[in-house]
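Enquirer: Put together the whole structure using the sequences plus the hints.
Heads up: the sequence shown runs through residues 1 to 658, numbered per the UniProt record's numbering.
Careful: at least some of the hints might be erroneous.
Said to hold, decoys possible - In the SDA-like style, the derived pairs of lysine to any residue whose C-alpha atoms are separated by at most 20 Å in a straight line are:
1. K296 x A352
2. K296 x D338
3. K60 x S131
4. K60 x T39
5. K60 x F513
6. K459 x T441
7. K25 x A45
8. K25 x P50
9. K25 x D82
10. K60 x D37
11. K25 x D37
12. K296 x G339
13. K388 x D351
14. K388 x L543
15. K459 x D547
16. K25 x D49
17. K388 x P355
18. K25 x A51
19. K388 x E329
20. K60 x E115
21. K25 x T178
22. K25 x G179
23. K25 x R43
24. K25 x H52
25. K60 x L33
26. K459 x R439
27. K60 x D49
28. K296 x C373
29. K388 x L401
30. K25 x Q67
31. K60 x A106
32. K60 x G21
33. K25 x P116
34. K60 x T28
35. K459 x L470
36. K426 x F487
37. K459 x D472
38. K25 x G46
Please keep in mind that the hints were generated in silico from the structure rather than gathered at the bench. Quantities reported herein were computed from a predicted structural model and do not represent experimental measurements.
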Amino acid sequence: MRVNGLAPSLTAMAEPFDPIGVLSKVLTEHGPLGDDDITERLRAAGVGDPAHVLRRLRLKIGIPAGQLVDDRWVWLPAILADRVFTRRVTEPEVSFDVLTVGPDLAPIAALCDCEPYQRLADGSAVHLVFSGDEQALDQLDIPEEMLNNGDVLALPVGTFEALGVDDGDLVGLRLGNTGLVVERVTAAAPSAAGAQLAVLLDGQPQLIDALVWTACLADPALFTEPVAPLSELAAERGLSRRGERLAPPDFDFSRWVFARQCERLARRHRLSDDDAVTLNTLLRLYGLLTVHHLRKSHPADDAATPAAIDFGDIMDDVAAALADPVIAESLATETVQDGRFSAGGLRELADALAPRVPPSARVACQWLRAVACEREGDIAGFERALLKAEAMDGAWPLPLLDLAGIASDRGDAEAGLALLRRARAKADHPLVYLLRLHRPTQRNDLGRNAPCWCGSGRKYKKCHLGGLPLCDRVGWLYHKAIAHVLFGDWTELRYAAAFERCRSVIVDDVEAFNAALADPVVIDTVLFEGGGFDEFLTVRGTLLPEDERELAEQWRLVPRSVFEIERVQRGGSVAVRDARTGERHEVAEYSAGYPLQPGQLVCARVVPVGVGMGFFGLEPISVQQRGPLLALLSGWPDPAELLAQLSGGAETTRVPAL
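Expert: See the structure below:
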């Protein structure tokens with residue numbers, strides 16, 4: 001698992017010795033091995049939990065092992081020793097001292113995911129930079145467009161100048177006795193490697209690195225001297241290539257990719273095979289129309305106006321399927337990652353399908369127009385389009401569910417619940433639960449001017465009559481913001497934050513990762529350090545009751561800090577001192593979520609909660625974490641940085657180098 005280009009380190013394991021070292025020995029001496037054989041040999045070597053090691057191996061977390069084309073495992077340093085792979089560099093690569101990894105260097109660059117191979121043999125650092133790793137790009141001063149062709153290996157500045165490398169030259173990356181070596185290649189030796197790779201193809205695409213490792217295992221002399229880059233060797237044999245996969249000549253990659261995408265969609269959305277094909281076709285149409293819309297909206301100076309796209313009968317084949325709410329919702333879900341760019345494509349798709357669909361599916365087209373408005377941040381247009389969809393078919397659920405969300409944002413629990421009932425939402429639907437929790441309690445035994453039943457001291461008509469006081473809506477407001485992030489284009493940041501949360505504890509446990517996604521500290525950092533709360537207020541703030549909007553504006557101004565717990569009154573308040581400013585606050589104890597002790601240090605945000613102050617995103621910390629956290633919080637940390645600091649400190653296991 002890798003998120004945002006971050007490669008995790010190995011955590012300490014409760015073993016009397018290093019089980020990864022045992023794995024290295026097992027694979028080096030007995031490899032290649034399948035999963036069952038690895039488990040058996042690890043157990044025989046005294047590893048108490050072979051399954052734990054095997055899970056790490058499958059996730060490829062900081063372990064320099066790879067799978068062959070038959071799925072058996074090898075120890076890469078043993079297989080790649082003294083092998084060299086070449087890359088014909090471009091002028092931008094020379095200018096920025098980087099090597100594009102795929103496909104030419106993929107078999108050997110895989111080592112650079114592991115700490116021992118993040119330095120060259122001379123001790124200088126190299127960095128494997130993944131697409132989307134903006135932090136690494138900034139630190140290394142590499143322009144984002146350098147990753148247009150995939151991941152890059154960032155070399156020490158001046159490497160190519162020292163080697164005399166220029167545009168179009170061959171550069172070799174070799175695994176020598178003391179580590180990786182970058183070298184200029186003056187001549188490429190003839191090689192039969194392309195033919196050897198072709199023999200390993202069995203009618204289906206294979207990853208280039210797996211093909212190369214398999215070929216190296218069979219031929220100890222292969223790639224021991226510089227030869228042409230892998231992409232050129234494959235082209236000489238007429239092999240088909242898509243990204244980092246090779247296939248036999250004339251292989252239909254488009255059909256193969258479409259079939260694999262259908263399998264993924266069927267698994268993710270629990271669709272039948274036919275429905276997955278329909279959804280994938282709709283997504284293809286959406287993609288083409290999105291590009292068409294962008295070209296119309298932002299034409300180049302010398303470009304002709306894009307012609308209208310005519311998809312012919314294919315529209316008729318898939319249009320009627322939109323009447324199924326599952327298909328329509330899955331289409332919207334798959335396009336969330338495109339953010340605002342998705343709006344034009346969805347709107348054009350809806351407009352193109354509407355004349356072709358049966359009456360039962362026209363409401364779906366209207367709902368897609370509503371979604372397009374929401375993606376653009378036009379919440380008023382979103383609501384108007386939803387109401388129009390509701391008028392077209394008052395029983396179709398998706399507009400009703402979205403209208404219920406708007407009612408919730410406005411603080412109208414009863415209206416929201418009525419819409420959810422019409423949408424046939426189940427009792428365990430999150431919004432049903434949230435709104436039931438915040439229904440106002442009506443008291444027929446109290447007059448409007450009588451003191452409110454809640455003990456606030458205010459009149460009933462000014463407090464709980466017809467609604468809840470602000471202090472009782474704090475959790476509701478917070479969950480509105482959470483819903484905006486959960487269903488918006490925030491998945492990548494949420495995953496990066498959750499990964500940092502759980503990586504120092506156990507990184508190979510899916511349950512731990514899922515728990516981290518729901519962790520209150522993870523959610524709070526995505527909302528505030530990540531910008532999710534600001535976007536929520538920008539997009540949906542106009543829907544909030546005035547007092548909630550004012551409270552939300554106060555929340556966004558409160559920075560996270562480190563606090564010293566000075567006094568605890570059980571069932572009452574907690575006296576805290578801000579370690580950064582020296583300010584003191586009385587905070588409601590219940591908002592901490594668990595008991596606090598005098599003298600304890602916590603990292604949190606202390607914010608107004610209608611009546612008094614409350615904790616949000618609270619995390620107990622050690623004395624050793626205090627200084628580094630205060631230094632980090634004095635700047636503008638992103639969620640991953642902050643959670644790495646909050647959750648760090650676990651001792652890591654060393655990976656054998658050779």
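Enquirer: Please go over all the hints and tell whether each is borne out by the structure.
Expert: Going through the hints against the structure:
In summary, the hint linking K296 to A352 is supported, as the alpha carbons are separated by about 16 Å, within the 20 Å threshold. At most 20 Å may separate the alpha-carbon atoms for a hinted pair to count; K296 and D338 meet this at roughly 18 Å. In summary, the hint linking K60 to S131 is supported, as the alpha carbons are separated by about 18 Å, within the 20 Å threshold. About 16 Å separates the Cα atoms of K60 and T39, which keeps this hinted pair within 20 Å; it holds.
Restraint check: the Cα-Cα separation between K60 and F513 comes to about 16 Å, which is no more than 20 Å; the hinted pair holds. Taking the CA atoms of K459 and T441, the gap is about 15 Å. The hint holds against a cut of 20 Å. For the suggested pair K25 and A45, the alpha carbons sit about 10 Å apart, so the restraint of at most 20 Å is met. Restraint check for K25 and P50: the C-alpha separation of about 14 Å stays at or below 20 Å, so the hint holds.
Taking the CA atoms of K25 and D82, the gap is near 19 Å; set against the 20 Å cutoff, the hint holds. Distance check on the hinted pair: K60 and D37 sit about 18 Å apart at the alpha-carbon level, within 20 Å; holds. Distance check on the hinted pair: K25 and D37 sit about 14 Å apart at the alpha-carbon level, within 20 Å; holds. Annotation: proposed proximity of K296 to G339 holds, straight-line Cα distance about 18 Å (limit 20 Å).
With a C-alpha separation of about 15 Å, the suggested pair K388 and D351 falls inside the 20 Å cut-off, and the hint holds. Restraint check: the Cα-Cα separation between K388 and L543 comes to about 19 Å, which is no more than 20 Å; the hinted pair holds. Proximity of K459 to D547 is assessed by CA-CA distance (about 18 Å); at most 20 Å being required, the pair is judged to hold. Among the hinted pairs, K25 with D49 is consistent with the structure: their alpha-carbon atoms are about 17 Å apart, no more than 20 Å.
Annotation: proposed proximity of K388 to P355 holds, straight-line Cα distance about 17 Å (limit 20 Å). A threshold of 20 Å between alpha carbons decides the hint, and for K25 with A51 the separation of about 17 Å falls inside it, so the pair holds. Restraint check: the Cα-Cα separation between K388 and E329 comes to about 18 Å, which is no more than 20 Å; the hinted pair holds. Pair hint K60 plus E115 holds up; C-alpha atoms about 13 Å apart against a cutoff of 20 Å.
Note on K25 and T178: the hinted pairing holds, with a Cα-Cα distance of about 19 Å set against a maximum of 20 Å. In summary, the hint linking K25 to G179 is supported, as the alpha carbons are separated by about 19 Å, within the 20 Å threshold. In summary, the hint linking K25 to R43 is supported, as the alpha carbons are separated by about 13 Å, within the 20 Å threshold. The suggested pairing of K25 with H52 holds, with an alpha-carbon distance near 17 Å, which does not exceed 20 Å.
Restraint check: the Cα-Cα separation between K60 and L33 comes to about 16 Å, which is no more than 20 Å; the hinted pair holds. For the hint linking K459 to R439, the alpha-carbon distance of about 19 Å falls within 20 Å, and the restraint holds. Distance check on the hinted pair: K60 and D49 sit about 17 Å apart at the alpha-carbon level, within 20 Å; holds. The straight-line distance between the Cα atoms of K296 and C373 is roughly 18 Å, inside the 20 Å bound, and the hint therefore holds.
With a CA separation close to 14 Å, the supplied pair K388 and L401 stays within the 20 Å bound. Of the pairs offered as hints, the one joining K25 and Q67 holds, with about 16 Å between alpha carbons and a cut-off of 20 Å not exceeded. As the CA atoms of K60 and A106 are separated by approximately 15 Å, the hinted pair is consistent with the 20 Å bound. Between K60 and G21, the direct Cα distance comes to roughly 15 Å. Compliance with the 20 Å bound is thereby established for this hinted pair.
With a C-alpha separation of about 16 Å, the suggested pairing of K25 with P116 holds against the 20 Å cut-off. Proximity of K60 to T28 is assessed by CA-CA distance (about 17 Å); at most 20 Å being required, the pair is judged to hold. A threshold of 20 Å between alpha carbons decides the hint, and for K459 with L470 the separation of about 15 Å falls inside it, so the pair holds. In summary, the hint linking K426 to F487 is supported, as the alpha carbons are separated by about 19 Å, within the 20 Å threshold.
Taken as a hint, the K459 and D472 pair is honoured in the structure, with Cα atoms around 16 Å apart against an allowance of 20 Å. Of the supplied pair hints, the one linking K25 and G46 holds, its CA atoms being roughly 13 Å apart against a limit of 20 Å.
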